Amino acid sequence: MSKTILTRRGLIQAGAAAGVGLAMPTIFTSRASAFTNEPKGGSVILGFNVPQTGPYADEGADELRAYKLAVKHLNGEGDAGMMNTFSSKALKGNGILGKKVEFVTGDTQTKSDAARASAKSMIEKDGAVMITGGSSSGVAIAVQGLCQEAGVIFMAGLTHSNDTTGKDKKANGFRHFFNGYMSGAALAPVLEKMYGADRKAYHLTADYTWGWTQQESIAKATEAKGWQTVNNVLTPLTTTDFSAYVAPVLNSGADVLVLNHYGGNMINSLTSAVQFGLRDKQVNGKNFEIVVPLYSRLMARGAGENVKGIFGSTNWHWSLSDEGSKAFVKSFGTEYGFPPSQAAHTTYCQTLLYADAVERAGTFDPCGVAKALEGFKFTGLGNGDTEYRAEDHQCFKDVLVVKGKENPTSEYDVLEVVEVTPRSQVEYAPDHPMFAGGSLGQCNSGA
Amino acid sequence: MDAILLQILNGLDKGSAYSLIALGLTLIFGTLGVVNFAHGALFMIGAFCAVTLQKLLNVYTVTIDPEKTDFLGKPLEVKTPYVISWFGEVAGTSIINWSVPLAILFAIPVMLLVGIAMERGLIKHFYKRPHADQILVTFGLAIVLQEIIKTIYGANPIPVPAPDAFKGSFDFGVLIGFAENAIIYPYWRLVYFVFSAIIISAVFAFLRFTTFGMVVRAGMADRETVGLLGIDIDRRFTIMFGLAAAVAGLAGVMYTPINPPNYHMGMDFLVLSFVVVVVGGMGSLRGAVAAGFLLGILESFASMNEVKSLLPGIDQIIIYLVAIIILLTRPRGLMGKAGVMED
Chain A
1 MSKTILTRRG LIQAGAAAGV GLAMPTIFTS RASAFTNEPK GGSVILGFNV
51 PQTGPYADEG ADELRAYKLA VKHLNGEGDA GMMNTFSSKA LKGNGILGKK
101 VEFVTGDTQT KSDAARASAK SMIEKDGAVM ITGGSSSGVA IAVQGLCQEA
151 GVIFMAGLTH SNDTTGKDKK ANGFRHFFNG YMSGAALAPV LEKMYGADRK
201 AYHLTADYTW GWTQQESIAK ATEAKGWQTV NNVLTPLTTT DFSAYVAPVL
251 NSGADVLVLN HYGGNMINSL TSAVQFGLRD KQVNGKNFEI VVPLYSRLMA
301 RGAGENVKGI FGSTNWHWSL SDEGSKAFVK SFGTEYGFPP SQAAHTTYCQ
351 TLLYADAVER AGTFDPCGVA KALEGFKFTG LGNGDTEYRA EDHQCFKDVL
401 VVKGKENPTS EYDVLEVVEV TPRSQVEYAP DHPMFAGGSL GQCNSGA
Chain B
1001 MDAILLQILN GLDKGSAYSL IALGLTLIFG TLGVVNFAHG ALFMIGAFCA
1051 VTLQKLLNVY TVTIDPEKTD FLGKPLEVKT PYVISWFGEV AGTSIINWSV
1101 PLAILFAIPV MLLVGIAMER GLIKHFYKRP HADQILVTFG LAIVLQEIIK
1151 TIYGANPIPV PAPDAFKGSF DFGVLIGFAE NAIIYPYWRL VYFVFSAIII
1201 SAVFAFLRFT TFGMVVRAGM ADRETVGLLG IDIDRRFTIM FGLAAAVAGL
1251 AGVMYTPINP PNYHMGMDFL VLSFVVVVVG GMGSLRGAVA AGFLLGILES
1301 FASMNEVKSL LPGIDQIIIY LVAIIILLTR PRGLMGKAGV MED
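Chains as they are written, first to last, in this note's numbering: chain A, 1 to 447; chain B, 1001 to 1343.
If you are wondering where the hints come from, they were derived from the structure by calculation, not from laboratory data. Small disclaimer: the values here were computed from a predicted structure and weren't measured. No residue lacks a Cβ here, since even glycine has one placed at the ideal position from N, Cα and C. Some clues are possibly wrong.
[As the list claims (entries may be wrong)] Derived DSSO-like pairs: lysine-lysine, alpha-carbon spacing no greater than 27 Å straight-line:
| hint | chain 1 | residue 1 | chain 2 | residue 2 |
| --- | --- | --- | --- | --- |
| 1 | B | Lys1079 | A | Lys330 |
| 2 | A | Lys405 | B | Lys1079 |
| 3 | B | Lys1068 | A | Lys326 |
| 4 | A | Lys200 | A | Lys326 |
| 5 | B | Lys1308 | A | Lys308 |
| 6 | A | Lys403 | B | Lys1308 |
| 7 | A | Lys326 | A | Lys225 |
| 8 | B | Lys1308 | B | Lys1167 |
| 9 | A | Lys405 | A | Lys330 |
| 10 | A | Lys371 | A | Lys120 |
| 11 | A | Lys403 | A | Lys167 |
| 12 | A | Lys40 | A | Lys92 |
| 13 | B | Lys1308 | A | Lys220 |
| 14 | A | Lys405 | B | Lys1124 |
| 15 | A | Lys377 | A | Lys326 |
| 16 | B | Lys1068 | A | Lys405 |
| 17 | B | Lys1068 | A | Lys330 |
| 18 | B | Lys1055 | B | Lys1150 |
| 19 | A | Lys371 | A | Lys72 |
| 20 | A | Lys403 | B | Lys1167 |
| 21 | A | Lys72 | B | Lys1079 |
| 22 | A | Lys405 | B | Lys1055 |
| 23 | A | Lys111 | B | Lys1150 |
| 24 | B | Lys1068 | A | Lys286 |
| 25 | A | Lys405 | B | Lys1308 |
| 26 | A | Lys68 | B | Lys1074 |
| 27 | A | Lys100 | A | Lys371 |
| 28 | A | Lys371 | A | Lys308 |
| 29 | A | Lys99 | A | Lys403 |
| 30 | B | Lys1074 | A | Lys281 |
| 31 | A | Lys167 | B | Lys1167 |
[Unchecked claim] Here are the computed distance ranges between Cβ atoms for each label pair:
| hint | chain 1 | residue 1 | chain 2 | residue 2 | range |
| --- | --- | --- | --- | --- | --- |
| 32 | A | Lys225 | B | Gly1177 | 33 to 41 Å |
| 33 | B | Leu1005 | A | Gln228 | 43 to 51 Å |
| 34 | A | Glu149 | B | Ile1314 | 51 to 59 Å |
| 35 | B | Ile1152 | A | Lys89 | 39 to 47 Å |
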């Protein structure tokens, strides 16, 4: 008969081993499946992580509407929307790989820590096989990193920072939305045409990753056209009254104010600029102008009449007349009674693109899906010919230059498309200095 | 010099808002002894009174224009506000255009009722509880109120423009001998400053020159003795709570053209207004007003590029830095009285 003798050293070693085992998140130890959250039953769960509270809650609500519409279409309900116009015909309206699509939602609160916590919960507790969403680059980059570690695909929602597919790019992350560089490349020629090459620009910039990269992109693109950048003032995200930042602009010698702000920041800074009468002034013998490089229809509504005549760029607009856009607007408008925003469009597209990639790959394995998305060329989703570039997982497509409409016919009709800038004009090399410093790394399936 | 003058002017409107909110906070603290963390929410509700009136004035009748189509290709629904249908194009448009000043008349009864309901329904149950309990319950109330507003009006800011007559700005610099465009100041911000000065003066005059105000001041000094004289001081203090709510509400109404209101605007002002009260001196009405303007102007100075290049990030901490310095050198604040919150 053998006798087990428990020594003090043995006890400590066993305790330490047990502690490590218990402390390790289950997402890193799920060895029973071939990859993280492999769908086993008749359904598959997608995780929609959007701001449901906080300052971007309205955009989050529109994203969620689009996600729900996409799920409906994937499951064969409704009019199928852009599935009818999508160039890939892998989707059949019978779910994804025959599994009914279900979803869970999380609230990012537009805070990186809250967004990571809700994504983690959807992966660990709900078994989501893909996470998508976000209305802020800070949030998108944080959640993209988490998904990479957890071994699930992240289909980014509304994120415009160069860093998302630049220095912070990840093998498991994919972005359909455009970025700051593309905004600059599309806007600069139009600004030169409208306002001339001899201009002095004053930038007010939101002090975080998106603001920095957009400011750099717009400054470089306009300087290439002959403009000078006379100042760039970083404004804290929490600023609500921009009068102290706007007041010195007229006396700075600048004749253009560039507002690298989004959301509530954009509404408030633009309101202050208009209040201070900047647009009524003449400086250096020219009319003073304001530019808002990244426009959102939801935000433009918030700024009211102040956006009239102001140039900016956008990823998509409901007034586009291609078949894909028309199908989506009809589908969304019939379902909800108003046209979709660009946030709704990009999130709807991301859901279809993910589902399509799974169908083409024949597996939910993130590495198989990533391979199917890399270099994938498609059309019919509202942006013309589009490609998911393999090197950085960024979608390349046409970019819209828009202007605040002078005579809107409805509360949704606040922007008009001035130019559809072709993809070739906004394209850049994968190792472009503005995107350098990171690497995709290896795809992680969590296995 | 022109840059300094410009920032003093800029600080005035923000200082006006701080002063009005801090004045209401001090009135409530002085009369009822309650630390009201829901006061910022009252400022926000006042702003949404302006939003509500704007929406009410834009309630419309729908006619179909068969020649135009909407985004789904259906015949366009043309929305004509009832105000325009009833009063004609010119008068109706003018009424809508002046919705913010008109909202003052709308907000006064609403805010009085909200304030009285808040005091009678919730806060009176916490008079004898510790200040920590009062802070927790009023902070909770503020969150509830802002979530209600968000549910009704959404999370995005809602534009509420000033009347056309007050749009744009004037060149204050030229008036005092500076170069063109050196000191530009928007008309509406000047209106806001003048309006705040009138409200602050009216509150002081009310407390100083009316019998009601005299009784309230006596009650603030010695509540028990005034009660023993047969005066229903509780009722008067309830009315003062309503009045303080109305002051915060009016500050919110008139602030809407400066920054489009959203559900969170009350919280943005609340913490700073508390700092204003503490710097001014707990319980001191004059201190609250003086500190409001002082901190508003200092905050504006700290946002100057020249200052920020010397001290990066100073604009974020200036108010708290000043508060620390003042509390270290004058623990009761600028005009604080002995015995207030010192037990």
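So, going through the hints one by one against the coordinates:
1. Lys1079/B - Lys330/A: At roughly 22 Å apart (the allowed maximum being 27 Å), Lys330/A and Lys1079/B satisfy the hint.
2. Lys405/A - Lys1079/B: Roughly 19 Å between the alpha carbons, so the hint for Lys405/A and Lys1079/B holds.
3. Lys1068/B - Lys326/A: At roughly 18 Å apart (the allowed maximum being 27 Å), Lys326/A and Lys1068/B satisfy the hint.
4. Lys200/A - Lys326/A: violated, 40 Å
5. Lys1308/B - Lys308/A: violated, 32 Å
6. Lys403/A - Lys1308/B: Outside the cut-off at roughly 33 Å; violated.
7. Lys326/A - Lys225/A: violated, 35 Å
8. Lys1308/B - Lys1167/B: Given pair Lys1308/B, Lys1167/B is violated - Cα atoms ~30 Å apart, limit 27 Å.
9. Lys405/A - Lys330/A: holds, 22 Å
10. Lys371/A - Lys120/A: holds, 24 Å
11. Lys403/A - Lys167/A: violated, 31 Å
12. Lys40/A - Lys92/A: holds, 20 Å
13. Lys1308/B - Lys220/A: holds, 25 Å
14. Lys405/A - Lys1124/B: violated, 52 Å
15. Lys377/A - Lys326/A: holds, 21 Å
16. Lys1068/B - Lys405/A: Holds, because 18 Å separates the two Cα atoms, which is no more than 27 Å.
17. Lys1068/B - Lys330/A: holds, 17 Å
18. Lys1055/B - Lys1150/B: holds, 16 Å
19. Lys371/A - Lys72/A: holds, 26 Å
20. Lys403/A - Lys1167/B: holds, 22 Å
21. Lys72/A - Lys1079/B: violated, 33 Å
22. Lys405/A - Lys1055/B: holds, 22 Å
23. Lys111/A - Lys1150/B: holds, 18 Å
24. Lys1068/B - Lys286/A: violated, 38 Å
25. Lys405/A - Lys1308/B: violated, 37 Å
26. Lys68/A - Lys1074/B: holds, 25 Å
27. Lys100/A - Lys371/A: holds, 23 Å
28. Lys371/A - Lys308/A: violated, 44 Å
29. Lys99/A - Lys403/A: Roughly 43 Å separates the two Cα atoms, so the pair is violated.
30. Lys1074/B - Lys281/A: violated, 42 Å
31. Lys167/A - Lys1167/B: violated, 44 Å
32. Lys225/A - Gly1177/B: 33 to 41 Å: Because 39 Å falls inside the window, the suggested range holds.
33. Leu1005/B - Gln228/A: 43 to 51 Å: violated, 28 Å
34. Glu149/A - Ile1314/B: 51 to 59 Å: violated, 38 Å
35. Ile1152/B - Lys89/A: 39 to 47 Å: With Cβ atoms ~44 Å apart, the hint holds.
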